[in-house]
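Order-wise, the sequence lines are chains E and R.
Using this note's numbering, read the first sequence as starting at 1 and increasing by one per residue.
Using this note's numbering, read the second sequence as starting at 1 and increasing by one per residue.
A hint or two may mislead.
Chain E stretches covered by chain R per the calculated footprint, using a threshold of three residues with CB under 8 Å from any CB of chain R [what the hints assert, rightly or not]:
| no. | region |
| --- | --- |
| 1 | 68 to 82 |
| 2 | 93 to 102 |
| 3 | 254 to 261 |
Under the rule of at most 30 Å between Cα atoms (straight-line distance), these lysine-lysine pairs were calculated in the DSBU-like manner [claimed, not checked]:
| no. | chain 1 | residue 1 | chain 2 | residue 2 |
| --- | --- | --- | --- | --- |
| 4 | E | Lys184 | E | Lys289 |
| 5 | E | Lys145 | R | Lys161 |
| 6 | R | Lys82 | E | Lys84 |
Hint data in this document are derived by calculation from the structure and do not stem from the laboratory.
From the three backbone atoms N, C-alpha and C, an ideal C-beta is built for every residue, glycine too.
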Amino acid sequence: MPAISFQSVSKTYAGSRSGTSPFRALDDVSFDIAEGEFFGLLGPNGAGKTSLISILAGLSRASSGRVTVHGHDVQSDSAQARRKLGVVPQELVFDPFFNVREALRIQSGYFGVRNNEAWIDELLDSLGLADKANSNMRQLSGGMKRRVLVAQALVHRPPVIVLDEPTAGVDVELRQTLWQFIAKLNKQGHTVLLTTHYLEEAEALCTRIGMLKQGRMVALAETSELLKSASSNVLRFKVDRELPPALARTARVTGRIVQLPAQGALEIEQYLAAVRQAGLTVEDVEIRKADLEDVFLQVMAAERNPDALVA
Amino acid sequence: MSGWQTLFYKEVLRFWKVGFQTVAAPVLTAVLYLLIFGHVLEDKVKIYDTIGYTAFLVPGLVMMSVLQNAFANSSSSLIQSKIMGSLVFVLLTPLSHWSWFVAYVGSSVVRGVLVGFGVFLVTVGFTGVHLVAPLWILVFAVLGAALLGALGVIAGLWAEKFDQMAAFQNFLIMPMTFLSGVFYSIHSLPSFWQTVSHLNPFFYMIDGFRYGFFGLSDISPWTSLAIVGTALVVVSAIAVHLLRIGYKIRN
Numbered sequence: 001m002p003a004i005s006f007q008s009v010s011k012t013y014a015g016s017r018s019g020t021s022p023f024r025a026l027d028d029v030s031f032d033i034a035e036g037e038f039f040g041l042l043g044p045n046g047a048g049k050t051s052l053i054s055i056l057a058g059l060s061r062a063s064s065g066r067v068t069v070h071g072h073d074v075q076s077d078s079a080q081a082r083r084k085l086g087v088v089p090q091e092l093v094f095d096p097f098f099n100v101r102e103a104l105r106i107q108s109g110y111f112g113v114r115n116n117e118a119w120i121d122e123l124l125d126s127l128g129l130a131d132k133a134n135s136n137m138r139q140l141s142g143g144m145k146r147r148v149l150v151a152q153a154l155v156h157r158p159p160v161i162v163l164d165e166p167t168a169g170v171d172v173e174l175r176q177t178l179w180q181f182i183a184k185l186n187k188q189g190h191t192v193l194l195t196t197h198y199l200e201e202a203e204a205l206c207t208r209i210g211m212l213k214q215g216r217m218v219a220l221a222e223t224s225e226l227l228k229s230a231s232s233n234v235l236r237f238k239v240d241r242e243l244p245p246a247l248a249r250t251a252r253v254t255g256r257i258v259q260l261p262a263q264g265a266l267e268i269e270q271y272l273a274a275v276r277q278a279g280l281t282v283e284d285v286e287i288r289k290a291d292l293e294d295v296f297l298q299v300m301a302a303e304r305n306p307d308a309l310v311a
Numbered sequence: 001m002s003g004w005q006t007l008f009y010k011e012v013l014r015f016w017k018v019g020f021q022t023v024a025a026p027v028l029t030a031v032l033y034l035l036i037f038g039h040v041l042e043d044k045v046k047i048y049d050t051i052g053y054t055a056f057l058v059p060g061l062v063m064m065s066v067l068q069n070a071f072a073n074s075s076s077s078l079i080q081s082k083i084m085g086s087l088v089f090v091l092l093t094p095l096s097h098w099s100w101f102v103a104y105v106g107s108s109v110v111r112g113v114l115v116g117f118g119v120f121l122v123t124v125g126f127t128g129v130h131l132v133a134p135l136w137i138l139v140f141a142v143l144g145a146a147l148l149g150a151l152g153v154i155a156g157l158w159a160e161k162f163d164q165m166a167a168f169q170n171f172l173i174m175p176m177t178f179l180s181g182v183f184y185s186i187h188s189l190p191s192f193w194q195t196v197s198h199l200n201p202f203f204y205m206i207d208g209f210r211y212g213f214f215g216l217s218d219i220s221p222w223t224s225l226a227i228v229g230t231a232l233v234v235v236s237a238i239a240v241h242l243l244r245i246g247y248k249i250r251n
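Construct the complete structure from the given sequences, taking the supplied hints into account.
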């Protein structure tokens with residue numbers, strides 16, 4: 001039985017009274033996540049990631065299709081499904097009336113978990129919150145509040161952990177603390193579903209990756225398979241002026257840095273020749289292996305669904 | 001504690017942590033009403049032959065405090081947590097709609113009765129104790145607070161902004177409370193306004209509650225009990241239904 005199963009899930013938001021037309025956020029999305037898997041769900045803003053997670057968490061209802069958690073339907077058997085889920089929401093929300101320990105005790109109590117102090121202490125220690133246990137939520141920095149959100153999601157020891165952009169806008173230290181802890185839980189058998197815009201994190205952590213674009217799953221495969229499917233190399237260099245249009249179409253440009261996907265030495269030579277011919281000055285040339293960001297950009301740039309990537 | 005008990009405890013803790021605002025302030029407001037209206041009208045208004053105006057006013061003020069604070073508790077908790085986003089912590093749990101209802105309404109009853117008791121304790125010093133039928137007092141206090149707590153749940157779910165909530169409170173709850181006989185007996189009104197008052201469920205809560213103090217009321221406490229009980233069932237059914245479908249909270 002899969003830990004999470006999305007079966008033909010679609011979601012259409014009704015148009016508003018002010019005249020906006022109905023918006024199809026998810027279009028027939030189907031995939032399973034196995035128990036113990038570390039799954040990455042990627043996609044640009046508005047691709048449908050948060051809609052999918054909201055449906056999974058019971059915060060929103062699918063227009064059609066079915067979602068189960070450990071076999072429990074998130075609508076018809078919502079109580080059991082929610083017991084299995086620990087969700088870290090994307091927004092930095094907190095209850096200003098309570099301190100950290102109270103917030104964790106209360107969250108634990110909602111799930112009917114009693115005598116949970118030992119696990120709460122372990123969460124506080126593991127997430128670097130031990131010295132903030134008696135601080136009011138209002139007094140915490142953004143990063144600390146994010147840690148509390150993670151602790152709240154884990155306080156009832158859910159077998160499935162859902163992290164919706166948990167490292168957005170947080171410092172390096174928290175990222176490392178968080179990923180060490182989540183990786184440890186994953187090794188212990190917890191299933192993890194992660195959405196993130198930090199593709200290097202996804203590449204390092206996730207065993208399998210799904211990519212959403214405009215509500216459709218456009219790539220679904222093992223991380224290693226996705227990397228193999230991409231161009232094997234990337235030519236990276238700095239230029240002093242704009243690229244010729246022919247190159248600019250395929251290049252990834254960040255300021256002065258240009259990155260071009262290249263299959264082999266011949267293609268690299270052709271690129272450099274084209275740049276020289278355009279009269280540009282080239283600096284800091286290097287060739288590196290393609291990473292998940294290159295795959296992501298290729299998939300997102302594709303006009304049609306690249307079925308070859310859906311395994 | 002089980003899930004609903006935790007939510008109930010959290011809701012009580014929430015208002016208790018700001019008790020100066022949620023308990024002490026309404027007690028002070030009620031005492032000011034008593035001092036001002038009692039001082040001005042004590043010798044000018046006689047409602048029942050044996051009871052002075054200030055003594056008459058006390059049960060009305062106590063019940064008004066019970067009702068307003070019960071409504072404020074559930075409604076403000078829901079609208080605040082909706083707007084701040086912290087309602088997600090409850091939405092992500094396996095708590096059933098019944099658990100939500102019992103916890104939100106139960107904590108509203110606790111706050112309403114607590115404030116009412118505070119108002120009673122302070123005001124009784126000015127008028128002496130009249131307690132003819134304490135059970136009626138308790139029954140109407142609890143039923144009235146539960147009814148307003150359930151109404152607060154509906155308002156809290158419906159309102160998307162603080163000004164919508166303020167409109168609900170100022171244009172519905174406040175007029176219905178003030179026009180329910182807190183400050184007067186409806187027998188002192190022209191017959192048209194007496195009829196209008198009979199359409200106001202708040203009138204029955206206050207009249208029945210006052211019966212427990214003096215053994216005197218504008219209508220039979222049994223009639224009031226039946227009407228308040230029916231109103232509670234209807235309002236609760238609506239609140240439970242809205243919680244079950246996740247009205248405005250589960251997209």
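Hint-by-hint comparison with the structure:
1. Under the rule that three or more residues need a Cβ within less than 8 Å of chain R, the assignment of the region 68 to 82 of chain E holds, with 4 such residues.
2. Only when three residues or more bring their CB closer than 8 Å to a CB of chain R does the claim for the region 93 to 102 of chain E stand; here the count is 7, and the claim holds.
3. Note: the region 254 to 261 of chain E has 0 residues with beta-carbon separation from chain R under 8 Å; the three-residue rule is not met and the coverage is violated.
4. For the hint pairing Lys184/E with Lys289/E, the CA-to-CA distance comes to about 28 Å; that is within 30 Å, so the pair holds.
5. Taken as a hint, the Lys145/E and Lys161/R pair is honoured in the structure, with Cα atoms around 25 Å apart against an allowance of 30 Å.
6. Restraint check for Lys82/R and Lys84/E: the C-alpha separation of about 24 Å stays at or below 30 Å, so the hint holds.
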